[in-house]
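The task is to assemble the complex, starting from two chains supplied on their own in separate frames and drawing on the hints.
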Amino acid sequence: MESMKRVSPLAMSVWQLRLIFFMFIPAFLLFFFYYPQSLVWKLCVIAAGAGFAFVSLLWLPVKYLKLSYRLDGNTLYIRWGVVYTRFSATFLENIQYVSVSATPLQRIFHLCSVNFILAGGRMSIPCISAGEGEMLRVWGSANAGGGKKALP
Amino acid sequence: MFKRRPHFISILSNIGRFLILLVIPLIRGLLVSLRGGFQFWLASAWMDIAVVVLIAAMGFAEWFCMGYCIDGGCLLFWQGILFRRVRRIPLDKISWASIVRPWYLRPLRAVEFRADTPGGSQNESDFTMLLYKSDAEYIFTVLDRLLPSLKAPPFAPREYRPRGFYVIILSALTSNSLAGILLASAAISRIGDLMGKEFSERIYGTLEQLARLAAFGVPPAAAALAYLLLGGWALAFLANLLRNKNLFVVRRANSLFIRGGLFTQRSYTLDLSQVNYLDIRQSVSTKALQMQSAFLHTAGYGKNKEDVSALIPAAHNRDAQRTLQMLAPELVPSPRSIQPNFGAIMKFLLDAVWCCILVPAASWLLCRLVPDWEQVIRYIGLIAMVPALWFLTVRILDFRTSGLSRDGDTFTLRYSQFFYLHTVVIPKERIVEICLRQSVLQWGDQKCDVLIYSRCEGRTRHHLKNLDRKECALLFDLPGYVPTPKKNFFALLKRRKDESK
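One line per chain: the protein sequences are A and B, in this order.
In terms of the working numbering, the first sequence has 80 at position 80, counting the first letter as 1, and numbering is strictly consecutive.
To convert a position in the second sequence, counted from 1, into the working numbering, add 152.
Just chain B, same shape as in the assembly (with noise of 0.2 Å):
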């Protein structure tokens, strides 16, 4: 059994959570600079250093009574000063383990692993801590070497290095204008904070001055609003493929290696018997070029939103397929067996075509109400049609596509999200709770809607719309739920007077 603590860099981040004690000099400060001035400042700032210095105590002492050990095949870690916490986590419970090497750590040797189970918060790592590389790479190489220790029989591993042009498609996909919106403008607040106010009121007050002169004949107010979205996707789509880069997967006899990142390396290791399910991915451009993407889920891959969380981040449909029969056999997807049928078709696209009702009628109405403003809201209303439209365009794709199927025990549900196509790939035993959804309209042609939650940490919601009642319950074995025939009176009849004659 080796003990270890963690790298002395931790000690940094356990200071962040004593940086409140940093108001008492401030309200200190405050008061005297009200009462005396600055001779009277610094005769008591004895205080403030000792404040600062009990800060950085703290981080340390925090540090000193951190650890965390092998013992037995769990993984054992303490923390905590006055309140100590001990967890321990069984190594066969751990479903995923990963190792990030941001380049600003990178000189000190200083990695951030972390663990996951199935159990525990939905919304961080049961394991988390900043380890010396060769600790961190210790614990990987047990995490490894146990897993294909499970009845396994010899496998060859098998590796794939994606081209680097679907990894530019990937991260287009997956790129949010909001999340690059967000970035951009925390990291013009933060130079702010360090250069002062009025820099950053500069670097806004430029932006707004570009949009004007690159409006060509659009309101400005419009302009700079498209011009926003396209760099806030732009920052978005670079940060992405720079997490994406080098992405390299290795498929052992129980486990995938997954290695990722430019200037950050990430890498993950995963159990296979612990994937939830495989989702395969297809937006409306993906589906045009034929193209698409797998995901893996499994408790804590993909939690973090800087993960790697692609198995194929983008491939021809042909090409994807032959790798998924590589990378993981067991979970191909089964063609269609049971589909909705045509008289379904409204139930896809009501909601999209409300959206493009509604999208011009509220851009009219607001041009009566604020007539001042027509230019920019016909302007709104015309790129508010875009998605729109592109919803349209998915339903209809959806309902074309849309469906269930049953290959030995692992089912493949297609169905739409929002924006994508998914293709899901789900084992049986990693269903949770099968529920057939009947609408009062759905009654009389024995339809219903499927939805199937999968076995995760929070709640996964798989909604399938419109398929036949009877069908789907033969094909969950759920004979309870087949309907009995309905009691035709006229038939009857007909029955009993056959009987007579």
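So here's chain A without its partners, still in its complex pose (with noise of 0.2 Å):
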């Protein structure tokens, strides 16, 4: 039995960006509101940086470590999550049909994420690499609806 595969390790770098992207919104929204060193600006830095440091060195290297996928003949296994971990399984005569999405950011590190759409439904696998993200999407509509084709 083959093991799950894990994302690209580049997904790390970008959900930490994208961290630290929002980061920006309250840290504006708090220089234009507040004093700075007053009360509520100084509670308010410590709440950030404490939620920063809890997301950026536990969360995200958790959920990294949990997200893995495999293809194990007509069976698509995605397992993800951090406090709940989920074991999703479907069936590949399931899948209506693939489709690949890329943000700005996935892009510049050539990463992708696949939405395997089902017939009342949806699983995604984000941050995976641009040409792994094809070929599943190549492979994925050649297989959806039940019609049987190899894995190139």
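Keep in mind that a hint or two might mislead.
[What the hints assert, rightly or not] Lysine-lysine pairs mimicking DSBU-like chemistry, simulated, CA-CA at most 30 Å apart:
#1 LYS622/B - LYS5/A
#2 LYS499/B - LYS66/A
#3 LYS63/A - LYS617/B
#4 LYS397/B - LYS439/B
#5 LYS499/B - LYS439/B
#6 LYS5/A - LYS63/A
#7 LYS622/B - LYS66/A
#8 LYS66/A - LYS5/A
#9 LYS622/B - LYS499/B
#10 LYS245/B - LYS285/B
#11 LYS617/B - LYS5/A
#12 LYS580/B - LYS439/B
#13 LYS580/B - LYS5/A
#14 LYS285/B - LYS155/B
#15 LYS285/B - LYS63/A
#16 LYS617/B - LYS580/B
#17 LYS439/B - LYS617/B
#18 LYS580/B - LYS622/B
#19 LYS580/B - LYS66/A
#20 LYS580/B - LYS499/B
#21 LYS63/A - LYS622/B
#22 LYS245/B - LYS580/B
#23 LYS245/B - LYS155/B
#24 LYS66/A - LYS617/B
What the hints contain is simulated information worked out from the structure, not anything from laboratory work.
Structure representation (structure tokens):
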């Protein structure tokens, strides 16, 4: 039995950069509305710092370590989650179509997200390499609805 | 190929879309009344008449440009005056069709015909039109004839007519106080629009006086609330009873024909190969009476609130099983093979226990904050404890009956959702996604929650709590998710010692 495959290590870089970018918004609002060194300002800075440290040093690494996937015969397995670990599986005949998307940040690192659209749901693999994403898309589309083709 | 237009009565329903144009005469009337008087308005009334005629003409034009036909195994229909829309639905993709005969359309021999496929909108049927009764029955016959031709062996039709008492039980179970209250308030408001605001205010005032008279020592506001809920439930019960009366089910080779309704008759035909799952529901009261209701889930069926959605309205457990064997032998539940362990009891009861604690706590706090309303708050708190204790009872029953099993390629899921216990029988090909979810607390003993997503237009989830992860992975043929044995250092040391000896 093959083991689960992890996503690209560059995913951590994408998530960390996204976190830093989003931290600019509360930082801007804080700077705009509150006087520096006031009590509220100090409390917000401490809370933002603690939140940033928690997400950056604990949440994201755990998310990366748990995120993995595998194609095994006619079954797609995806494992993900932080507090709740989810082991999702779908049979390939349930896949209606596959879409590949990439944000500007993902494109810089040559990464993409693959979305498997099911009849009544969807499953996603974020931040895998662009080449692998395209391969998954071609293979998923060929196998959608029960057609069988080997992975190139 | 026959081409038809819809029934001419649909001109009235088309007009509804253009009533927004009435804002022109309304604004004009307002401006005129500010400037001149009645004479001035009358002199220019031609504009109002022109707008009304325009609305009627557009309704007629919409009807004239609408039509449908059956063309080479497809249902083709078109509509639109300026923006033409043509839709082609293959007949073999239609999973469900219905004919609804409201009592007010029967003299005109008009029916509402609806058909749906697994794709398209979650909230509306793919094809809805007011047709002549003969045309709708012709399409129905074509659909019905098409389904048994799908390589089905000879099959003797089986009929089922539930007893009136069972229909009453179903109506009582599916009645909702809120739905009844909304129905009543909409009706009273409508009467007020037609007969003047004073009339609707008089009705509300009379209800208030009745509540005061019948309070029986209870605060009048609380009594009014209780009677409102009771009255709402009674109205909803009556509406459900009229909808489910004369329920009649026929099983043919590959299809089910269902008919019901007293004043508004509804007929449905379902393609059995498109059925997603069978849902057997029990509440606490029906569980105590050893009764159950069965509902079929398929794309389109039961989408409209007025639809008849029950396969078996309510029956004794033994009778229900026998009827299911007759109507849907492919979807009979199997006995439990995987069930939660005793240690999982708090996972089932925690939500309900919180409700039972928070309701009296909130009442106590509100009594302290607003002492003038203490009597009303105490009464409402007492009333609110009833659903909280009911919920706790449901969760206790869920813990005793929850589980998973498999019979060939059909899975039986037993779980609870809000105030109902569900037994869902679902074929493997209708399962879209299986998710085994583990929290941090479940890692130790390798238990998990099982989330099953079934095939439908939206997203339907079935949630089973705290089952063994290995057993679930093997049941669903997911060897990739069977947990590896834990690497126990002391067991490894002992094994190495034994090997060296």
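Structure versus earlier hints - violations, ascending order: Of the numbered hints, just 15 does not hold.
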